[in-house]
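Fit chain B to the supplied structure of chain A, relying on the hints for placement.
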Amino acid sequence: MSVRRLSAQQPDSFAFSDETLEKARWWMTKYPPERKASAVIPILWLVQKQEGWVSEPAIRAIGELLGMPKIRVLEVATFYTMFQLEPVGSAALIQVCGTTPCMLRGSEALMELCRSEIGPKDKLSADGKFTWQEVECLGACANAPMAQINDYYYEDLTPDSLKAIIEAFRAGETPKAGSAIGRHSSEPAEGALTLTDPSLYDGSRAVPITSLPNAREPAV
Amino acid sequence: MPIAKVNGIEVEFEPGMTVLQVAELAGEEIPRFCYHERLSIAGNCRMCLVEVKPGPPKPQASCALPAADKQEIFTNSPMVKKAREGVMEFLLVNHPLDCPICDQGGECDLQDEAMGYGRAGSRFDENKRAVDEKFMGPLIKTTMTRCIQCTRCVRFATEVAGVSELGLLNRGEDAEISTYLEGAVTSELSGNLVDLCPVGALTSKPYAFNARPWELTKTETVDVMDGLGASIRVDARGPAVLRVLPRTNDEINEEWISDKTRHAVDGLARQRLDQPYVKIDGKLRPASWGQAFAAIAARVKATTPDRMGLIAGDLQDAESMKAAMDLFRSLGVASIDCRQDGSVLGTGPRESWLFNSTIAGIDEADAIMLIGANPRLEAPVLNARIRRRWLTGKLLTGVIGEAADLTYRYNHLGTSPEAIRQFVAHGPISKEKPMFIIGQGALNRPDSAAVLQMLGAAAKSMGVVREGWNGFNVLHTAASRVGGLDMGFVPAAGGRNTHAMLAAAEAGELDVLYLLGADEIDTSRLGKAFVIYQGTHGDAGAQAADVILPGAAYTEKPGIYVNTEGRTQIANRAVFPKGDAKEDWSIFRALSEDLGHRLPYDSLEALRRRLIQDHPTFGQVDHAPGHVSAGTFDVGAIGTAGEVADTPFRSPVTDFHLTNPIARASVTMAECARSLKAARGLLAAE
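Chains A and B, in that order, give the protein sequences. In this text, residue positions in the first sequence follow our numbering: the first is 22, and each later residue adds one. In this text, residue positions in the second sequence follow our numbering: the first is 4, and each later residue adds one.
Next comes chain A alone, as it looks inside the complex (with noise of 0.2 Å):
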């Protein structure tokens, strides 16, 4: 982690479109009007979902929407740093785990790649279209490694498969989200190990049941 500040290149302006702002304001009456400050985060989440990142135009709008100082938005903004102060590649933002066990599976070397694809960490690439970091555990350890591209988990990435990935959003297209590798959820890569009997799915194996459990005796 390092010092984030707003980026140098700001729009002029930034306005709510009508679907956030109708979002803004549901969240907002979850609190008392008079509390309404406390849908600050939501609402940034709001902004960087519908431009990609935080503007300091809109740090002001989100301000004067709730009624709260400019600063102390920005302090949120610069608090959290799922928020983007800089503006993120158009086609994907590419967050690589490299937490201890995505690193013990090989995450460096999927930064590597991303080094070589698309260019230097937390920086916009050439053409605009991606942006990559690298970030705390999300929370997916058991398919290392991996890395969340835009709103999804990509699972079980080689240097391969991540490029493969990275052209296909560069194609335009989207990828199926998940494991790359095509395993079910987070079992055994090789499989399941457990639990395999087919007759455990079919129903075979229930039995009728004459009574309910702890159902009261029949009155005699």
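Honestly, the hints are just simulated from the structure, not real lab data. All the given hints hold, so there is nothing to weed out.
DSSO-like mimics (lysine-lysine), calculated; alpha carbons at most 27 Å apart, straight line:
hint : chain 1 : residue 1 : chain 2 : residue 2
1    : A       : LYS91     : B       : LYS680
2    : B       : LYS282    : B       : LYS531
3    : A       : LYS57     : B       : LYS397
4    : A       : LYS142    : B       : LYS131
5    : A       : LYS91     : B       : LYS208
6    : B       : LYS137    : A       : LYS144
7    : A       : LYS184    : A       : LYS70
8    : B       : LYS137    : A       : LYS91
Keep in mind that this is a model prediction, so the values were computed, not measured.
For chain B alone, kept in the frame of chain A given last:
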């Protein structure tokens, strides 16, 4: 009352006190950086750790821990000492070792506490962090690497100053204090941030690298930049006043002072009048005191008393005004006035020109109506007190006048005297301690006597003045005004007031006009009158003068000032007057010989004795009369009936930083005014 034991000694305390406060009651000093009595509790520096029984067996932050009955508090146990040493070591991990080049050196809380809790060496081999400097305006110099994130500055700006411009950005090791986009702090109280900073992160920009605290002569005195008479300490080295700091005075300024009070003092070294001048052939030429007096005497003797006038300015001490008044009265001059702004106060009971609720009374008020006043610009420290009361939610605020940003919300009831009319027959209100605060904006209009009458009637109708509470308050902007009014420095029967004197001068009906530090008059209207200017700075008055007599500024003479509450305060001399300049009263004493009407006092003591003898209120030093006379004060009888014009009230203070000759000579104040203008321009552009 509950009782706690501090290091084995029993102390009684009031419920709701924190462990830190209880320990202080017992006389134990607790080191602290983030805790400040007048700010909210943050609890983030951890320096105030103590051991408390019963409780978990670990050190606890005493500033944020409520004290409980039968609690045992240990402030000097080995565990406490070790814990504080640990905290200190962590604080110093990222604090640079640059005390020799730090302006805070010698008066730094961190330095002081490190003497008690610091280690001799460092165990930290890694790189220290470095933080970019931040711009915070013309008064605050930043060295943010020294910041220990106590957030006192953020809390002061948000809570006391009422400008939410400072914040703690980023997190953890990267946390840093900044204003939004590094804009200048726009508060009139921003200089106090420097005092609050326990380290050298925020230091005074104008004072940067000027002096070390131990080189300075410290003089406790009184401020004259506004009508409050804040308690200050003037720090001087040799003949130069280097800085002004607040003194704690809960009755007036608590421990804050405005930026003008603090930073206008560089004006004391510029544009100074340090010798007499006499105009010869249309040009002011240096002269001796004797030549100047002779020139004056010649003109005075050539005219008659009804063709002479005397106007006193805003920064005068009571002694000089008394001497001037006595001299002119003995000459038979009726046209004397201390109200250069044309205010109508000065007739009727003394209560009609005082801030009768007292400044501390604001803490009890439950309704305040501001009439023609902008306290944020006229008395920023008073405004902070109103804001604090407002923050408790127990204060109803209303404004008749400009709808300015006062740092608190208010009901805007109108801009002109018309808005007062609805209160004239309002009937008693349900508030227990209501206040009218009447600014000079309501009192210096041509129709102000009628406005004052209307206000008196409204105050009477609403029950603002009652037994045990006097809510009728006049907020003065001139430090000399109440003293002047108290001694009757107003036109005698048949005399002219300021406006009439200027009109007479313009019409050629006035031969001699004596300006005692009066610069805020329209000097283009002086016509052919022979103008004598006695003062400190080459400002408007001196430029229009035919004879200039150099006087002493407020730091250069002992003097009595009466603040807006009617509190008589004695200022002390910090440095000597510049060059040939003399203390103002002694100039009149000397001049009186030349005019053949020798004043009957040869020393300041004799003058003061005379002053107190003639006007006993000057003898009540540091006493604000407050509501004592509320029962006999008929507020409905003040002012005179008449037509009221429907023009909006305007505060006399438009440029906060440039209200008097000292401030106008100050480079710092000019810079502040420029910066504020730029910030306002940006806001307008948005």
